[in-house]
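Each chain, letter by letter, is given below.
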Amino acid sequence: MNNEIKTGEPQRQKFDKIIEVRNVTKVFDDVTVVDDVNLSIKRGEFITLLGPSGCGKTTLLRMIAGFEAPTSGAIFLEGQDVTELPPHKRPINTVFQKYALFPHLNVYKNVAFGLKLKRLPNGYKMKKNGEYKLDKHGNKIEVYRKLTKAEMDEKITRALKLVGLEAYGHRDVTSLSGGQQQRVAIARALVCEPKVLLLDEPLGALDLKMRKDMQIELMDMHKRLGITFVYVTHDQEEALTMSDNVVVIKDGVIQQYGSPKKIYDEPKNAFVASFIGESNILSGTMKSDFNVNFCGADFKCLDKGFNKNEKVDLVVRPEDIAIESGEKGKLVGEVTQSIFKGTYYEMNVLVGDYEFTVQNTVEHKVGEKVGLSIEPNGIHIMKKLLTQNEYITEVSGENTVAICGGNFEFVNNEGFNKGDKVVAEVDFDKVELTDDESDGTVGGNVAQTLYKGSYYQVQVYTDDDDDIFVDTADEWDIDDRVGIVIPPEAIRVRAFVEEKEEEKEDEREEEKETQNDGD
Amino acid sequence: MTGIKKFRLKRSYFSFPYAVLSVLFVILPLLITAFYAFTRDGSFSFANFVKFFTTPNTLKVLLYSLGIAALVTVICLLLAYPLAMMLADSKINRSAVTVMLFIMPMWINSLLRTYAMKNVFQLIGMTNAYAAVIIGLVYDFFPFMLLPLYSVLSNMDKSYMEAANDLGCGAVQSFFKVRLPLSLPGIMSGVLMVFMPTVSTFAISDILGDTSTYMFGNIINDWFTASGGSGWNIGSAYSLILLALIGITMFIANKATGGKASAAGAAQAGGGLL
Numbered sequence: 007m008n009n010e011i012k013t014g015e016p017q018r019q020k021f022d023k024i025i026e027v028r029n030v031t032k033v034f035d036d037v038t039v040v041d042d043v044n045l046s047i048k049r050g051e052f053i054t055l056l057g058p059s060g061c062g063k064t065t066l067l068r069m070i071a072g073f074e075a076p077t078s079g080a081i082f083l084e085g086q087d088v089t090e091l092p093p094h095k096r097p098i099n100t101v102f103q104k105y106a107l108f109p110h111l112n113v114y115k116n117v118a119f120g121l122k123l124k125r126l127p128n129g130y131k132m133k134k135n136g137e138y139k140l141d142k143h144g145n146k147i148e149v150y151r152k153l154t155k156a157e158m159d160e161k162i163t164r165a166l167k168l169v170g171l172e173a174y175g176h177r178d179v180t181s182l183s184g185g186q187q188q189r190v191a192i193a194r195a196l197v198c199e200p201k202v203l204l205l206d207e208p209l210g211a212l213d214l215k216m217r218k219d220m221q222i223e224l225m226d227m228h229k230r231l232g233i234t235f236v237y238v239t240h241d242q243e244e245a246l247t248m249s250d251n252v253v254v255i256k257d258g259v260i261q262q263y264g265s266p267k268k269i270y271d272e273p274k275n276a277f278v279a280s281f282i283g284e285s286n287i288l289s290g291t292m293k294s295d296f297n298v299n300f301c302g303a304d305f306k307c308l309d310k311g312f313n314k315n316e317k318v319d320l321v322v323r324p325e326d327i328a329i330e331s332g333e334k335g336k337l338v339g340e341v342t343q344s345i346f347k348g349t350y351y352e353m354n355v356l357v358g359d360y361e362f363t364v365q366n367t368v369e370h371k372v373g374e375k376v377g378l379s380i381e382p383n384g385i386h387i388m389k390k391l392l393t394q395n396e397y398i399t400e401v402s403g404e405n406t407v408a409i410c411g412g413n414f415e416f417v418n419n420e421g422f423n424k425g426d427k428v429v430a431e432v433d434f435d436k437v438e439l440t441d442d443e444s445d446g447t448v449g450g451n452v453a454q455t456l457y458k459g460s461y462y463q464v465q466v467y468t469d470d471d472d473d474i475f476v477d478t479a480d481e482w483d484i485d486d487r488v489g490i491v492i493p494p495e496a497i498r499v500r501a502f503v504e505e506k507e508e509e510k511e512d513e514r515e516e517e518k519e520t521q522n523d524g525d
Numbered sequence: 133m134t135g136i137k138k139f140r141l142k143r144s145y146f147s148f149p150y151a152v153l154s155v156l157f158v159i160l161p162l163l164i165t166a167f168y169a170f171t172r173d174g175s176f177s178f179a180n181f182v183k184f185f186t187t188p189n190t191l192k193v194l195l196y197s198l199g200i201a202a203l204v205t206v207i208c209l210l211l212a213y214p215l216a217m218m219l220a221d222s223k224i225n226r227s228a229v230t231v232m233l234f235i236m237p238m239w240i241n242s243l244l245r246t247y248a249m250k251n252v253f254q255l256i257g258m259t260n261a262y263a264a265v266i267i268g269l270v271y272d273f274f275p276f277m278l279l280p281l282y283s284v285l286s287n288m289d290k291s292y293m294e295a296a297n298d299l300g301c302g303a304v305q306s307f308f309k310v311r312l313p314l315s316l317p318g319i320m321s322g323v324l325m326v327f328m329p330t331v332s333t334f335a336i337s338d339i340l341g342d343t344s345t346y347m348f349g350n351i352i353n354d355w356f357t358a359s360g361g362s363g364w365n366i367g368s369a370y371s372l373i374l375l376a377l378i379g380i381t382m383f384i385a386n387k388a389t390g391g392k393a394s395a396a397g398a399a400q401a402g403g404g405l406l
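Those sequence lines, one after another, are chains E and L.
Residues in the first sequence are numbered from 7 upward in steps of one, following the working numbering.
Residues in the second sequence are numbered from 133 upward in steps of one, following the working numbering.
Please note: incorrect hints may appear among the correct ones.
Pairs of lysine to any residue, SDA-like flavour, derived with a Cα cap of 25 Å [unchecked claim]: (1) L:309 - E:156; (2) L:290 - E:178; (3) E:104 - E:217; (4) L:290 - E:36.
Over 10 Å on every C-beta distance to chain E, these chain L residues come out as not near it, computed from the model [to be verified]: (5) 176; (6) 186; (7) 188; (8) 190; (9) 210; (10) 224; (11) 263; (12) 299; (13) 313; (14) 316; (15) 338; (16) 342; (17) 373; (18) 377; (19) 387.
Just so you know, the hints here were simulated from the structure itself, not pulled from any lab data.
The beta carbon of each residue, even a glycine, is placed where N, CA and C say it ideally should be.
Between the sequences and the hints, there should be enough to build the whole structure, so can you do that?
This is the structure:
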């Protein structure tokens, strides 16, 4: 099949998707680094894989380059399966994180490296009488030739010129600065005229000013060359500045795919919101379509389609909050910090127990009472990102805790007493559903099932008006009556602390900071 | 205050013991050797050197020794390089213990090992003295080749090979175009560390060989152990000639690898696993 395509007339089919990653999973030593990723990359676009370090973005890139083979799944290049193709046979070139310039070659020879190995089709093998020589299958035999010295020289000079290093050809690569080495690495990759250029955090080692300059230059090169760029970075600003599309990845799973603007304005979940730009992330409740309640006040918003009283995460960008003196706004608070940032002031305003970050050109002094108001288009509602069932409840007996209106047995190692206020956590996959309602500790209706590839995530609405999420291999029908069983050892119980929410917020802030600092 | 300042410990003071050591054990012996080499019966003379150039047999033995040393070096290199490559691959060699196994023979006295080998050769009935000496030398000096190669290959950034693959190299091409040239400093220091001691060895050829495997080291040894006469003077002159030859070899090797070989060799000889 492959042979036919190669030896037949060149197929000039225009593939809109140059790269397709289908259900790709990569497991290293029992750790799933890339988890069932699907991704299409359009021809000619500048796409960025963005995520904190260790999120699997580099592994994904290395699988596209061919340095790693996926544990399962397939990668297609222009419609052809290249999953098993070694890197040197892929029309893809990489700019490595630490450049990987060959220290035993000078700049010119480094750039020439790929060209020397390139073979161009040079017609077909001919017989002496002028007929095509045919192989066993009756196909014409293609002949390849090396590039001539002049051709190579022309290409290399052009590539070096592109990166502004035409006078550096004879230089030793180790004598160049970081920025210059970076340029040589780019020239070395581009001179091979790849269909896709992969860039693995190429600007990570450069200082801030150099990085900004290189960002502009890379964008410019991308425009001029029309090659598809796949760029990996942990720097959200870099991603937003340079890309046509951004893929936000966390724990090997794509969180969101979209244009920088879309990802900034409409983050899909709290992780994306906190990772991209500064933001206030709060918990709220959807009162009805276009109405959300948070910090004790009702706000109009532009989102709908949530259940009534559904708990949601919402993000408000600091620049979308209007601030004025006095107590006029919907939210009234006190300025706790004010920092001059050049073109605006960044202020922290404490409203109740949530501290908003607000950016405004007018300064409000620390201690001043201010009113905050937010326009509907400044509020973005996201589905709550649940990772486990969590209930704020109390110990109902010697070894039982109240969950969803039932008394579940748990392992009381820490000696909680009856009536203690606690938080009970249960992993989704530890909950068991029973056909017969009476077999379970509590009963409920199946409210929603979501197929997650290898299992179903079932949301059960219990008779006590609570939700419990269950990961199960079985399919359940909506509105089925089911019983809920939780093994005692699967219930984690810890003391409930009032300031918990605030702590969580701090953690998030910290997390965000470390992510921005990067590695 | 000034008193304290006067007795302040400077960093350079720490080098004094080494200076004394090198004067006592390097410079002084060298001077004594030179003194013996350039005198005959207590007066200045070139006679010892003249003796070297006018004795065809001595020249022949020197050439033979150089040939043996070159052969041993090449065998060591060909054996050690693939092994070092395997050991440097963390997928095959999950701990450094395997490397240790190859280095461990160095912990046993070389003479003991050589005598042991002699017994083994007798046991299996190998009578070819030439082969016995070659095998003995390779066995003895193999770790000195392996260590620098292992060190340079295991420290080589994997991304160089990946870059080579990325730019169109298959496995064979990337070996010859990238891995081999980048490991040149390791090769050079390994070659030096095997070649130099092999040229001047006499114990191994003495124990394992016979008169047909007479090496230059044996000649020097014989002159020094010869009773009476001007044996020490002639032996010293021959030692200086060998020293000069080794010096030239090192100089050429250094030029060829841009001064990296001796530094790498010195670092690996002292450091590494031992």
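Tested hints:
For the hint linking residue 309 of chain L to residue 156 of chain E, the alpha-carbon distance of about 22 Å falls within 25 Å, and the restraint holds. For the proposed pair residue 290 of chain L and residue 178 of chain E, the alpha carbon gap of about 21 Å is at most 25 Å, so the pair holds. Taking the CA atoms of residue 104 of chain E and residue 217 of chain E, the gap is near 14 Å; set against the 25 Å cutoff, the hint holds. Of the supplied pair hints, the one linking residue 290 of chain L and residue 36 of chain E holds, its CA atoms being roughly 23 Å apart against a limit of 25 Å.
The claim that residue 176 of chain L is not at the interface with chain E holds, since no C-beta of that chain comes within 10 Å of its own (minimum 49 Å). Here residue 186 of chain L stays apart from chain E, with its beta-carbon at least about 46 Å from theirs, past the 10 Å limit. At the 10 Å boundary, the C-beta of residue 188 of chain L stays outside the reach of chain E, the nearest C-beta of that chain being 44 Å off. Every beta carbon of chain E lies more than 10 Å from that of residue 190 of chain L, the smallest distance being close to 41 Å; the non-interface claim holds.
No beta-carbon of chain E is positioned within 10 Å of the beta-carbon of residue 210 of chain L; the least distance is around 22 Å. Separation of residue 224 of chain L from chain E is adequate, the least Cβ-Cβ distance of about 16 Å exceeding the 10 Å criterion. Here residue 263 of chain L stays apart from chain E, with its beta-carbon at least about 38 Å from theirs, past the 10 Å limit. Annotated as non-interface, residue 299 of chain L brings its C-beta within 10 Å of a C-beta of chain E; the closest such distance is 4 Å.
The claim that residue 313 of chain L lies off the interface is violated: its Cβ sits roughly 5 Å from the closest Cβ of chain E, which falls inside the 10 Å cut-off. Non-interface call for residue 316 of chain L relative to chain E: violated, since the shortest CB-CB distance, roughly 8 Å, does not exceed 10 Å. Listed as outside the interface, residue 338 of chain L is consistent with that label: its C-beta sits roughly 42 Å from the nearest C-beta of chain E, beyond the 10 Å cut-off. Distance to chain E confirms residue 342 of chain L as a non-interface residue, since its nearest Cβ pair spans about 45 Å, more than 10 Å.
Every CB of chain E lies more than 10 Å from the CB of residue 373 of chain L, the least distance being 35 Å, so the non-interface label holds. At roughly 29 Å from the closest C-beta of chain E, the C-beta of residue 377 of chain L stays outside 10 Å, upholding its exclusion from the interface. Look at residue 387 of chain L: its CB is around 16 Å from the nearest CB on chain E, clear of 10 Å, so calling it non-interface holds up.
Violated hints, listed in ascending order, are 12, 13, 14; each of the other numbered hints is respected by the structure.
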